[in-house]
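The chain contents come next:
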Amino acid sequence: MRRRDFVRAALAVGAAPKFLLSQQAAPAPPPPEPVPWLLGLNSKTPMPHVEAAEQVATVELRFFPPQQMATLTRLSDVLMPPIGDKPGAVQAQTPMFLDFLIGSSPEERRQVYSRGLDWLDAESRKKFNVEFARITDAQAGELLKPWLRTWLNDHPPTEEHADFVNIAHDDIRTATVNSKEWFVAPQVGAEPKTEEELYWSPIQPDVTSQNAHSSGVQPHSRAIPPSGHRMPSYQR
Amino acid sequence: MSTETYDVLIIGSGHSGGMAAKMLTEYGIRCIMLNAGPVADVTRNAERKPAYELQFRGFRPPGQIEHVFQSNGFNANIWVDEREVPYTLETDQPYNWVRVRLFGGRSLFWSRQSFRLSDYEFKAKSHDGFGEDWPISHTDLAPYYSRVEGIFRVTGAQDGVPQLPNGNFIPDDAPWTLALQRFIEVAKPRGIPVCKQRRAQGRDGLASSVNLLLPDAESTGKLTSIANAVVRELTVDKNTGLPNGCSFVDRLTHREMSVKARVVGLAAGTLESTRILLNSNLANSSGVLGHYLMDQVYGPGVLASVPDARKGNINAWMGSAAIVPRFRNINTKSDKFLRGYAINTTASVEAIPARNFAAYGAELQRKLDEYYGSGFYMTIMGEVLGRYENHVRLDKGRKDAWGIPVLHVDTKYTDNEFNMAKDAVETACELADAAGFEVLSKNDKPNPPGYSIHEVGTCRMGNDPKKSVLNKYSQSHDHKNLFIVDGAQFASSGWQNPTMTILALSMRASEYIAGEMMRQNL
Chain A
1 MRRRDFVRAA LAVGAAPKFL LSQQAAPAPP PPEPVPWLLG LNSKTPMPHV
51 EAAEQVATVE LRFFPPQQMA TLTRLSDVLM PPIGDKPGAV QAQTPMFLDF
101 LIGSSPEERR QVYSRGLDWL DAESRKKFNV EFARITDAQA GELLKPWLRT
151 WLNDHPPTEE HADFVNIAHD DIRTATVNSK EWFVAPQVGA EPKTEEELYW
201 SPIQPDVTSQ NAHSSGVQPH SRAIPPSGHR MPSYQR
Chain B
1001 MSTETYDVLI IGSGHSGGMA AKMLTEYGIR CIMLNAGPVA DVTRNAERKP
1051 AYELQFRGFR PPGQIEHVFQ SNGFNANIWV DEREVPYTLE TDQPYNWVRV
1101 RLFGGRSLFW SRQSFRLSDY EFKAKSHDGF GEDWPISHTD LAPYYSRVEG
1151 IFRVTGAQDG VPQLPNGNFI PDDAPWTLAL QRFIEVAKPR GIPVCKQRRA
1201 QGRDGLASSV NLLLPDAEST GKLTSIANAV VRELTVDKNT GLPNGCSFVD
1251 RLTHREMSVK ARVVGLAAGT LESTRILLNS NLANSSGVLG HYLMDQVYGP
1301 GVLASVPDAR KGNINAWMGS AAIVPRFRNI NTKSDKFLRG YAINTTASVE
1351 AIPARNFAAY GAELQRKLDE YYGSGFYMTI MGEVLGRYEN HVRLDKGRKD
1401 AWGIPVLHVD TKYTDNEFNM AKDAVETACE LADAAGFEVL SKNDKPNPPG
1451 YSIHEVGTCR MGNDPKKSVL NKYSQSHDHK NLFIVDGAQF ASSGWQNPTM
1501 TILALSMRAS EYIAGEMMRQ NL
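Quick note, the sequences are listed as chains A and B, same order.
Position one of the first sequence corresponds to residue 1 (our numbering), numbered consecutively onward.
Position one of the second sequence corresponds to residue 1001 (our numbering), numbered consecutively onward.
Derived by calculation from the structure, the hints in this document are not laboratory data.
The structure displayed is predicted, hence computed values, not measured ones.
Glycine is no exception: its CB is placed at the ideal position from the N, C-alpha and C atoms.
Be aware that a few hints might be false.
Stated by the list, open to error - Subject to a maximum C-alpha distance of 30 angstroms in a straight line, what follows is the list of computed DSS-like cross-link-like pairs (lysine-lysine): (1) B:Lys1480 with B:Lys1123; (2) A:Lys193 with B:Lys1125; (3) A:Lys193 with B:Lys1442; (4) B:Lys1049 with A:Lys180; (5) B:Lys1123 with B:Lys1412; (6) B:Lys1367 with A:Lys180; (7) B:Lys1445 with B:Lys1125; (8) B:Lys1188 with A:Lys145; (9) B:Lys1123 with B:Lys1399; (10) A:Lys193 with B:Lys1367; (11) B:Lys1049 with B:Lys1188; (12) B:Lys1260 with A:Lys44; (13) B:Lys1311 with A:Lys193; (14) B:Lys1467 with B:Lys1333; (15) B:Lys1125 with A:Lys145; (16) A:Lys145 with B:Lys1467; (17) B:Lys1049 with A:Lys145; (18) B:Lys1466 with B:Lys1480; (19) A:Lys145 with B:Lys1442; (20) B:Lys1367 with B:Lys1442.
What the hints assert, rightly or not - Example chain A residues on the side facing chain B (calculated, C-beta under 10 angstroms, incomplete): (21) Pro36; (22) Val78; (23) Thr158; (24) His161; (25) Pro202.
As the list claims (entries may be wrong) - Where chain A lies over chain B, by a calculated footprint (3+ residues, C-beta under 8 angstroms): (26) 1420-1428; (27) 1433-1445.
Take these sequences, add in the hints, and give me the full structure.
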């Protein structure tokens, strides 16, 4: 053995025990830890894109009977027809939405619509011998224009028939302007814009849905003042 | 579990509670503040959305908050749900109780109009014989008004009108637009003053307890706050008969808890403070607790159109706002009503709402195009007289979601308010006609009482313990360590937005408390 090789071998023997010891003391590499699944929900994770259900699904009507719905649909078309690129109330699915809104509302508001639609249909049959749903624009104008009023916020007319015509007109316009169909149509001129504001979600779980203590809490017993009072008898 | 006794318990975190917390803690006094609702974090709890993404396309969710006319689908969740905290009413007597229980309360959402009361309000009985004078005058409160105006950064002009005292304002030197100039020309000969609006700028567009008052209190290290603490009643020391804290219910868990303090300050908002006192059976040796409920007449008004603005010159004609302070029953005497009203006046550059035209379809759209940016609004804020019979009491047969008896509200407007509203609309129409403006819509029917969200009274202050609940320092005549620092202490409502007065009274009461505590009288 040449001297150089001997020295290398001696160094190797001296170093070997330490090397071998260190190999024996080292723990086995840890198995990969499970990654908490929540880490996958980070800012880079794409959010699923969803549509509002009423935009893509067939809506089941639940409040207005067919004849009233037909009257409401024609009324909506007359009061808010398509203008320019903007959709009309029918294209914005406003009658179906109002079936949901009014059907969810207190009895007094339901009555304004139910009585008003029945009255309008009866007037049409009496005057033109045709149901309101098949009335012409000119005939509709004859029926509706005498009842149009100007009014300030929270104070719609309280006169019978004028109350329904003006309240329905206001609701139809608001529902249409606030529809997605209106929002996506090009804006030309001074047409009203879809409301777009800061929406506040329920800030902490609501006790009415969370706690058995409150399950017996009833809605307000006198939420709406009676008609005929000097105060406004209808709340939007 | 803590058995600590704090120096002062403050119930409520709005303008009045926030001011009390700021003042007292800055004097080194340890305070505990309870608020019935949660802390709102706009970055977590709110996001901008179009109406079509909401459940009811922006309409108010039916049944949830029928009395809150100010609500809509966007803000529906900020108001107190009337199904959780109901109140009952007399037949045919509606009342709109508009409440916010978020930390900061209604100070998060107020209109920021910032007026002082004048001695036409503080000394109203001396002027016209009705009701009771306050035990203080404008001179007593003026130094506090000035400090409050500084904190809230109120803009305005030194108009020098006695019924609208000058203040510590950031000067508003902007020239009037042409529509307001025309309006002033026709108002002046009729003895009707037109003043610059006075509005709290706050900071970053917000003039709330949560950004102008509570941070100062918290920086002292002397304030402890609890959210979601629904106060059941004040507790009483059996030996002294004095209030010594309160019991409360956790809003979410329904756990019953209590805190102790040497002094109690109620700042829960006029009717909620009174409800707590009624449920505690305290502070009512006079028998007037809950009585003399007042607010301001809102709703009557006129919308006119400025013809010159329709000729393509909106910017020159429109865009500024003014306040017409009360002018009736100042130097003359009306035979139709006592006191008076102010007119909020705005020359709007926005679209006029469609309901102001008796038209539909294409004809309506032509009107909307033609009248765009020409709307001149005149709406009233009228004083409601304080009457004993207008009151609240407990309805022990009805409880809220936490088992606490609810309020029964028994109040209505009288011919004084109805006549005032008619006069306001007739006057506004006269001014519009004289100015050459076209009246589009008008309404002389008041909104239901309470709508203004300016409910005051029910714990009024006065010098006579037999006729009032509080003395001139907002301190109970019956219990020396009990203070009510919100709008409940008003002896008359005035026409003015009450916020500056509530803040000034709370500041004044807090300094009195601090002084009395230092002198060991409390």
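(message) Hint by hint, where does the structure go against what was stated? Just the numbers, ascending.
(response) Per hint list: 2, 8, 9, 11, 12, 15, 16, 17, 21, 24, 26 violated.
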